[in-house]
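Number of protein chains: 2
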Amino acid sequence: MQVNKANIIEVCPRDGFQNINEFIPTETKLKVIDGLVNSGFQKIQVTSFVHPKAVPQMKDAKEIAQTVIEKYPNVDFTALVPNLFGAKAAYESGIKEISYVISASEAHNKENVRRTIEESFEGLAEIRNRFKDLTLKLDIATAFGCPFLGEVPVSQVLKMIGTALKIGVDYIFLADTIGVANPKQVGETLEAVKDKYPDRDFGLHLHDTRGMGLANVLVAIERGISTFESAAGGLGGCPFAPGAAGNIASEDLVNMLERMDISTGIDLNKLIDTTDFIKEKIKADLTGHLANICRK
Amino acid sequence: MQVNKANIIEVCPRDGFQNINEFIPTETKLKVIDGLVNSGFQKIQVTSFVHPKAVPQMKDAKEIAQTVIEKYPNVDFTALVPNLFGAKAAYESGIKEISYVISASEAHNKENVRRTIEESFEGLAEIRNRFKDLTLKLDIATAFGCPFLGEVPVSQVLKMIGTALKIGVDYIFLADTIGVANPKQVGETLEAVKDKYPDRDFGLHLHDTRGMGLANVLVAIERGISTFESAAGGLGGCPFAPGAAGNIASEDLVNMLERMDISTGIDLNKLIDTTDFIKEKIKADLTGHLANICRK
Numbered sequence: 006m007q008v009n010k011a012n013i014i015e016v017c018p019r020d021g022f023q024n025i026n027e028f029i030p031t032e033t034k035l036k037v038i039d040g041l042v043n044s045g046f047q048k049i050q051v052t053s054f055v056h057p058k059a060v061p062q063m064k065d066a067k068e069i070a071q072t073v074i075e076k077y078p079n080v081d082f083t084a085l086v087p088n089l090f091g092a093k094a095a096y097e098s099g100i101k102e103i104s105y106v107i108s109a110s111e112a113h114n115k116e117n118v119r120r121t122i123e124e125s126f127e128g129l130a131e132i133r134n135r136f137k138d139l140t141l142k143l144d145i146a147t148a149f150g151c152p153f154l155g156e157v158p159v160s161q162v163l164k165m166i167g168t169a170l171k172i173g174v175d176y177i178f179l180a181d182t183i184g185v186a187n188p189k190q191v192g193e194t195l196e197a198v199k200d201k202y203p204d205r206d207f208g209l210h211l212h213d214t215r216g217m218g219l220a221n222v223l224v225a226i227e228r229g230i231s232t233f234e235s236a237a238g239g240l241g242g243c244p245f246a247p248g249a250a251g252n253i254a255s256e257d258l259v260n261m262l263e264r265m266d267i268s269t270g271i272d273l274n275k276l277i278d279t280t281d282f283i284k285e286k287i288k289a290d291l292t293g294h295l296a297n298i299c300r301k
Numbered sequence: 006m007q008v009n010k011a012n013i014i015e016v017c018p019r020d021g022f023q024n025i026n027e028f029i030p031t032e033t034k035l036k037v038i039d040g041l042v043n044s045g046f047q048k049i050q051v052t053s054f055v056h057p058k059a060v061p062q063m064k065d066a067k068e069i070a071q072t073v074i075e076k077y078p079n080v081d082f083t084a085l086v087p088n089l090f091g092a093k094a095a096y097e098s099g100i101k102e103i104s105y106v107i108s109a110s111e112a113h114n115k116e117n118v119r120r121t122i123e124e125s126f127e128g129l130a131e132i133r134n135r136f137k138d139l140t141l142k143l144d145i146a147t148a149f150g151c152p153f154l155g156e157v158p159v160s161q162v163l164k165m166i167g168t169a170l171k172i173g174v175d176y177i178f179l180a181d182t183i184g185v186a187n188p189k190q191v192g193e194t195l196e197a198v199k200d201k202y203p204d205r206d207f208g209l210h211l212h213d214t215r216g217m218g219l220a221n222v223l224v225a226i227e228r229g230i231s232t233f234e235s236a237a238g239g240l241g242g243c244p245f246a247p248g249a250a251g252n253i254a255s256e257d258l259v260n261m262l263e264r265m266d267i268s269t270g271i272d273l274n275k276l277i278d279t280t281d282f283i284k285e286k287i288k289a290d291l292t293g294h295l296a297n298i299c300r301k
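Taken in order, these protein sequences are the chains called A and B.
The first sequence lines up with residues 6 to 301 when you count with our numbering.
The second sequence lines up with residues 6 to 301 when you count with our numbering.
Keep in mind that the hints were calculated from the coordinates and are not lab data.
Be aware that one or more of the hints could be misleading.
Since copy identity is lost for identical chains, a pair holds within one copy or between any two.
[Stated by the list, open to error] Straight-line distance between alpha carbons at most 20 angstroms, and here's what the computed SDA-like set of lysine to any residue pairs gives:
| id | residue 1 | residue 2 |
| --- | --- | --- |
| 1 | 189 | 228 |
| 2 | 189 | 266 |
| 3 | 189 | 270 |
| 4 | 189 | 229 |
| 5 | 189 | 273 |
| 6 | 189 | 227 |
| 7 | 189 | 264 |
| 8 | 275 | 33 |
| 9 | 189 | 263 |
| 10 | 288 | 27 |
| 11 | 67 | 278 |
| 12 | 189 | 268 |
| 13 | 189 | 267 |
| 14 | 93 | 28 |
| 15 | 284 | 297 |
| 16 | 189 | 9 |
| 17 | 189 | 232 |
Work the whole structure out from these sequences, hints included.
As structure tokens, then:
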């Protein structure tokens, strides 16, 4: 059931930039988003509506969102929100789709959002009830492993999907937050998920920390999953695993898929130019292969 | 037809070190080989019997080979040879298995060994006739793409396999010399090869230049191929693509396979210690993920 088309959602402006301590000027962020739009991305996670004291890098969330929504009416711009307050701010800035994160691991969820999983689901339900016309996406973090608890049972992921669907989320991503997922595990998890929820589309948010990122993409594709989040340059990481890079690099992902005759709609040359711009302007190690080793 | 056991041949002491300009003291090389043996590798390509003027780094080939063969009688130590002269030197040093490289691309073969493909096969036949009791392995370089000609047709690979088997080589590796192979292509090539030569075992020598290394391992495993060459730390590259890293890192490969319940016989902790030793002693960028990003 291999796919011949993939949807890639670019998350560098949120997930990538979020981990960078030095504030990136809003103008630079907007130029990166310009580059991503010009590369062909139809959906970009541009910011996070969190408290500026928690993540000062995202203090320009409103300005970013409003600017790009006005400038590019045909592109979907999404944002991460941690709670109802963030959802309200995103909504008021014109964002039509939000991502909300709950970890499959209780320990990681507490570290990440200072709530139990149950409390997180209550927060999700609150957002759903309040903002009926927001597209609501749930990211199940640490779905393939947790830095504190090790492997996460598939049953836990299935249970969370069930709860989320009952609440009324629009779609769900499974995230390998710390880059430990292996292809066998990804295959088995996706089979269990598709088996239980055959009519639902799922997406994957993978990291390439241990070099298994694109191998995991491959097993997903072989099982008909065609929606992935990735970040230009491979920026992004997990705050609980210092030095742990990073999201799958969008250009590595596009390169592999296009070479496999799976259409992404992305112009690889323009994307690499954008990655070069990020490299030039932002003080961070890029972990992507094309960004570091070769151009194409 | 997924495998549950893989054979990993470590090539760092030859393929990895060969590209390093500054001479690595023989003692350091021997310590690296000690570490690799202690990690559990049963077969290690330890050197190359080339003219010391062509590759000064390999001028201690005889000493390396003789020392490790005497020290570890239960491990297979192999060497690369470019010609009959090298085969003779390897044989006299006690080496029982040699690798010989011919590129699938005429242009790359000329750059690499200054011969036509036909002349290279003549050289291979010469070695075969002269050293009947040497195990003879052919590496088909640029089997998935060439820096000069682009994609290499599968028919060319099949034709070369046919010629090699007629000459009497013992086994054959397909090498993605410049790290351009994509999983679809690897899958199709391996299917064609297994289809035409169902009773033969083949191995893969993959690079991780564009992040597709382990994804390519995965498609091979799915097709019953279980023999891979890799290099500790991801050392090695292609001299015709400057900055182009590198072999698949052995520790990345072992980590993925073991996580997939595919037994490698390698102790990952000891291998990572060896990689750390290489990192400490040898001035070269390691491109492996575990070597750079996280320990496990």
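Can you list which hints this structure breaks, lowest number first? Hints 11 and 14 not satisfied by this model.
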